[in-house]
Every structure is written in C-alpha cells, then in structure tokens.
Amino acid sequence: MDPKIDLCKRSQTGDREAFGDLYALYAKELYRYAYFVLGSPELAADAVQDAVISAFEQIKSLRKPEAFKAWLFKILSNTCKKHLGEKIRQRNTLVYDENIAPLVLAQSPAQDDFLDLKRAFEILSPDQRQIVALCVAEGYKSREVAEILGVRPGTVRSKLSRALQKMREELTAY
Amino acid sequence: MKKEIKETKETIRQKMDSFKENEALPENLAPDVIVGKLNEKEIKPLPKIGKAAVRRIAAMAAALVVVIGAVSVYGFFIGGKPFEFDSSINEAGSKAEIVSLFKQMKKRERRENLKDFRLNFSLGAQKSDTALPEGSMDDGSADNVYDVSGEKDSLFGETNVQVKGVDEPDVLKNDGKYLYIVSTGGTSVDIYSALPADQMKKVASIKRKEGDSYSISYVFVKDKTLAVLGERRESTEDEDYVPGESPDTPYRYFFRYGKLISFCDIYDIGDTEKPKLVKTVEQDGSLITARRVGDELYVLSSYEVDVFSKTLEDDCMPRVGSDGDLSELDVKDINITKDPDPGYLVVSSINLNDPKAEPGKKAVLGGGHEAYCTADGIFVARTVYKPKTEKNSGGDRADMAPIEIMEFSGRYVTEIYNFSIDPGKVEFKNSGQVEGQILNQFSMDKHEGYFRIATTSGMWQNSSSSIFVLNDKLETVGAVKNIAPGERIFGVRFMGEVAYVVTFEQTDPFFIIDLKDPKNPKILGELKIPGFSSYLHPINENLVLGIGQNGDDRGTLPGIKLSLFDVSDPTKPKEADRLIIKGETSTVAMHNHRAFLNLPGGTSFAIPVLNHGVRIGLPYEGITGGEEDGFAAPYEGNVSFHTSFESFEIKDGKIHPLVSYKEADRENSRAYDYEGIYRGTYIGEYVYTVSAAAVTAYNMADGKVLSSVENKDAVLYRDYEIVYD
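The listed protein sequences correspond, in order, to chains A and B.
Counting along the first sequence from 1, when you hit position 62 you're at 62 in this note's numbering, and nothing is skipped either side.
Counting along the second sequence from 1, when you hit position 57 you're at 57 in this note's numbering, and nothing is skipped either side.
Mixed in with the good hints, there may be bad ones.
Covered stretches of chain A (chain B as the covering partner; in silico rule of three or more C-beta atoms under 8 angstroms from a C-beta of chain B) [to be verified]:
hint: 1; segment: 31-39
hint: 2; segment: 56-62
hint: 3; segment: 160-172
Cβ pair distances, simulated, as ranges [stated by the list, open to error]:
hint: 4; chain 1: A; residue 1: Arg143; chain 2: B; residue 2: Glu584; range: 18 to 24 angstroms
hint: 5; chain 1: B; residue 1: Lys310; chain 2: A; residue 2: Ile5; range: 51 to 57 angstroms
hint: 6; chain 1: B; residue 1: Glu710; chain 2: A; residue 2: Glu17; range: 55 to 61 angstroms
Simulated from the structure, these hints should not be mistaken for laboratory data.
Everything numeric in this text was worked out from a predicted model, so none of it was measured.
Ideal placement from N, C-alpha and C gives every residue a C-beta, glycine not left out.
Here chain A stands alone, though its shape is the one from the complex:
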C-alpha cells in the first residue's frame, strides 16, 4: 500500500503520530501556500496550524485517502480566506507585511528571488494569489483548483491568465 494512504488511514483511527508524519510530507508546501496568499510569515504559520488541527478533527469525513493533499489545501484555503476576511474587516488593505518578511529572508541565499516574487504576489487579489499558488506551485489543474476553491473552472482559467499577465509585468520590471 502507498505509505501515504496507510498513514492517512491510521490517522483516521486517531493516530496522532501517523498524522504528524503525513503532515510532515506537505508542511513546507502548506506553509509556502499560506505565506504567499497571506503575505506574512506569522499569519501563514497561524493559518497552517489552524488548518492542520482542523484537518485532524475532520479526517474521518475524508473518504478518499488519495485526495488527502487536495483536501488539506481546501481546508487551508478556507482558513486563509477566514484570515483575509478579518484583514478586510480591519480595513487593512491586503498589503504584505513589510517589516517582518525581510528579517526572515535575510539568511536565505535566494533572497532576491523571494523579494521579486513577494512583490509580484502583492499586486494580486487574494483569490488570484490562491489560484496562482495552487496552479503554478502545486501544479493543480484548473478543474481541481475550482474544486478546492469552490469556483468554476472557467473562472480559475481567466483569473490565472490575468494574474500571470500582471505578475509578468512586475517580474520583468526590475
């Protein structure tokens, strides 16, 4: 049996260690997704933590262990929406957290890359960020992204193409 499916089935029986091992396989991808959608390491860590705990609670309702990753992303994207909703309510205008990100990035060798990318994500709407992160980084098809985000595939395609045009300008501007 695929070890992931095995881990998932064990998690469904309440095995927290197995769930931890399963989570470890996707932790970085989840964090990356939340980071670029929410624009702040702190918010991203909070969102991932909430989503992962919530996922463990709901894991019995997952009927297809093979779909675990997409399912986890669905929960995470809902959690991110919730965090963004709070941001909107606080009238924060969805600008990235300027003060914190550079500190985190300071030790990393690919710093310039991330700054570029961060800037390119900043100009996107929250749903465009989610679409780009899912389609481009995680490699999901528009139909799958539509399922994860609860929109129709055509919307995913049109928003993706608009987002990419926009990001292209930003990425080539420097």
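Starting from the known structure of chain A, arrange chain B on it as the hints suggest.
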C-alpha cells in the same frame, strides 16, 4: 504572448520551489510541535459525517425552509419536486434602465467585496410551488438524431462535430485542396496547398494588421469564404490606479489591460493563395465559441462589465460593429435576466455569402461558457457558483475552519439561455435553470422538442449527477437524479432516446439512461470498469467508443484507454473490447472532440497521441493477450517525447490498431514539449498532421512521410490553460 505567459509561469514556479527548498519552516509548524499540540489539547478526529447524517441535515433544512417560505433548493436533496425557476426575462426598456441596473450591481459588488472577496454573487433561487408544468411539444424543430445509416464517405476530413450539419470552429480546417491552420501562437492563419502530397507547401499566411495585441483562436471555411475568429485587446487608460488603494476597488486590475473584443474577419479565398479581407465584425467580450449552419455564422462572446469603471455609463452597453466601427446595441436587442451579474452574453450572426449585410445581434445580461447548437437554435449554459448563505461552523470551535467544508460549501446551478436562429436573425427565446454544473457542450442536447441536460452537483464525496428534461419553455418536466453518488460526470453523450453517461471516482461506471418518456427518464443499464472515458463517440446503434484514461480499481493509471461499449442490450451494457496505449500517454481527443478524426468508411478513426516516456513503438495492451499480443513492452532507458497520430479500425466488435503516422525526426524535438501532434486530417489517400513544429503529409495506407513543411518560427508552446472553449 502565450509563450511569455508560459515563461512567467515557469519563473514563478522556480522561485516558489526555491522558496520551499531554502526557507525554513517556522518552529511552531514543525511536525513534532503540531503533534505535541494535538496531544496536549487531546484533539481527536470527530465522528464521521456520513451520508445519512447529511441527509438528515438536509431534511431539517428543508423543513425549515418550508416554514419560512424561502429558497426551495433543499427540496432537491430529499427528492422533492423538480427545481423550478421563474424564467421570465425582460427586454430592456431604455438605456437609463440598464445604467441604473449596473449602478445597483456596483453597490452590491462593493458590499460583496467587504463581506467576502469572492467575485461571485448570490443570485437567489426563484421559488416556485406550482405543480409540474406541462411540456408542450415543438414539432417543427430540427433535432440532434445520430443517423447511423446516412454516413456518407467524404473525400476529405471534416471537423468532428456534435450535431450533424452544424459546423464547429477549429484550429485546422480542410477544403479538400488546402489546409487552413491557426499558428500555435495565435498570430496567423497559414494556408498550405495539400496536393500533390509529396510537394506540400505554405502558400499564404494571414496576419492582422494592427499593432494591437490579438490572438486568433479558430477558423471556418465555407466554399470560397474563410472566417478567422479571435480576440483582441482594446487599450484603455487607467494609469491612476494603485493596488489596494481602497477597499471599494480590489478588482480594478482585472480590467486594467483594456477590454477584450472578439473579432471575426471574413476573407474571400476565391484565389486561395491571395486571400482578400472583405469584412471584419467585432463584438465586446471574450470569444466563447461559434457555430456555422449553412452560410450563417454565429459568434458568441462573454462581455464582463467593470462596474467600478469611471465610464460605466458607456461600458454597460455591449457593442457590435463591423470594420472597426463598434456601436452600442439597441436596447430592444438586450434582454435582462431576473437577477443579473454584471456581464453579457453577446451573439451575432454573419452571412458568409453576403458578408456586406449588417450582422444580426442580440445580448443577454448574464454570460455563458458552453454552447450547444442545432440547426434552429443555440443553447448557452452558464454555471454559477452560489456561495453558502448560512455559516455552519464546527460545533463550538468557531475559530476553526468550518467543519462541513466538504459537505455544503455552496452549490452550482446552471443557467441556460435559448436563442432561435434563422438566417440573418437571432432571437432570444427564454431561459431556464437546473441544479449542478455541466461538463461541456455534450452535456446538452435537444430531441423531439425536449432539451436535455446532464449536470453534476455537490463536491467531493457529496457529488451526484442528474439528467434533466426540459420543455420548450425550459421548464423541467422530468429528471433522473442521484446518478452515481460520490462521483462526477466525466463523459456524456445523448443519442436520441438514450443518454450514455460516464461517471468516475475509482472505477468507471457507464450508465445508459432511457429518455423515451420525457417526464419519466430512468436508468436502463450500468457497467463498472476501471479507468474512465471522457469522450463518447457513437460508432453505430450497437457500439459506442469511449476515449479516456486507463485505471484499476484504485484509481487512474498511466495510459490512454480506448473502450468499445456494446449497447445492443441497453439494460446490460458490456465492454466489448479495450485497448490501452501504454506508457505516459495522453491524447488531446480526450478533452477536445475536434481532435478526433473520422476516417472514411465510418468504422475507422484516428487520434493524436503524446507519449512522455517512450521513444520506440507504441505498445498496446489488449483486453486479453496483454503484451503477448506481439507488441513490444515499453522500452526503458531512452526517455523522450514521442508524438504520433494513430489510426484504428473497429471490426467484429474489436478495436484494431491500423497505422502510426510519425513526423520525420528532427533536431528541435523541444517543440514536442507541450503537446506534439494536436490535429490530423485527410484528403483522398493522404493523411496530414499538424504540430507546433511541422505540417506533415503521409500515405494513408502505410504511414510513409511524403513531405513536410517545418515551422521555423513556431511558438513552441500552446497554453491550454488560457484558451477557452
């Protein structure tokens, strides 16, 4: 342009991968920290929300709804009366009325933005508590009946269409002498003289003059007329926009790049090598699709209006015009749906025989993305996502993600707009609505006055599929619901009094639905096999061919699967034969029926095949013999892209491979990276294939390459993700 987008995608992907590799996970996300947290708070998985529980919740919701007399949607889940909508659509009275409507939508949109950053609107289902409406028969309509006896052998390949006599747009057209091919970047239409086949050459290349960015999507050829369809962008000035400037305008950048305008250029190809531009018809919006019935061409576009535009009063009227002169539609040509979104579905008609004539035009405030067309009517479907209205958070853990996200996170409904078509005239007839979302144009069909539509509703394990039968007022008169709970429709084909439906979760149930009695459709037969078919092609009254994905009882496996379904006893469908094209193979024909080529004789066909892993041969795995059938096992260790156009014959209830058409070897095999050969056609005894890299002519009988025209300045990528239809 598309190549640039592809590059941008690649850049972002690389950067994001580098982020993943180089960026440390925050300490509080370390797996042991998370496990510690789960242990510390003694978090346990909650009991499974099973199907029964869901039904109960739904039933309670329905009871509640009856009391307060609100939306009747939940009646659906408990098998209540068919879902009905008020399909009345008004003609607009005046432009002032439309402007005021858009201003209301602007207010609503602002509200929605503050509440939820989604760009969808809750339309609110129309409640109806009347009895089943009577279906009225429409005798004079032309229907989609698959005529197995009337197959005539054509001397050249034609686009594989859904409805006989209704031509569909494509990137390759063939008139028996010349091939008309849209270049992979959408910048030109290239004309090749196809005969003699050993001296094929490019004789003309049509480009648009303007420096504006444009992209050609499709062509049509009818006698001495060539129609070139595509989109261009009309630049607008919007320089003072700053992202995030105000919470009112988070979507402004959607429209920053200018309006999309669909164009249809008509060329006189009396002298094929010197095409002459006769007329250009343009209309607001992105190109959805087009259809040709005889000399009449119908072009459909979807025009999204930017409600925050400073020039909203001008922008809110869709425009159609010819030769660069776009003018607003007359209000009498605009229909308004009951609770519209800020967008239009625009339909225009152009006579190819008399292109000088004024184009017919109509618009419906609404939208659309899939179209089904018969000789006398167009049905356009638009799937709308309706976000969940009530918030159900997980028990008392209100700070967590909602517990039932897998259960009820909104729903899809599909609106249908029906236009009647007559040469020179498009009339809006009516609209209807059904629960669920459609797969593609094959999800719709009209037969003996009734319109039938197949949809999937719900998500994940709560999905199930339905077939609705609607009368000519687009009122639901009958339905089969709850087909394959937990699965989605992957392929569907209506054939007269039956419908074939393929749903998929882990195995591929093939359903036969009896639609003889429109008010009482029922499931006739069912077959479960591994993998799935996404395109169903009728061979004759007893055989249906399915093209799809290989699989086993746990899910999908690599490889194209060709299935031959024996439906002679509709209560007991059988898989008469199965052929797996092994390796990491895929075919465009799975998702685009226009890539499927009917070969002469009615029992042979060909499809493009792309193999990502194997260079030598195409190993087949038959239903019985497997690799012992004399075909080589996949050749390991020489990983490369292999692309070919493969023909097959259906004989004695079996699928037999015929000929493999392979382009001549060349250095720039990078051209295959994206999709390899994507279309093929034939003229007489010759087969022609098209890839980004070359157009190649072969002997039909043995696959010998006769001549080839390489495309030196090929745009090597064709990004399907941003192509519509």
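Item to check | Hint check against the structure, violated hint numbers in rising order | outcome: none
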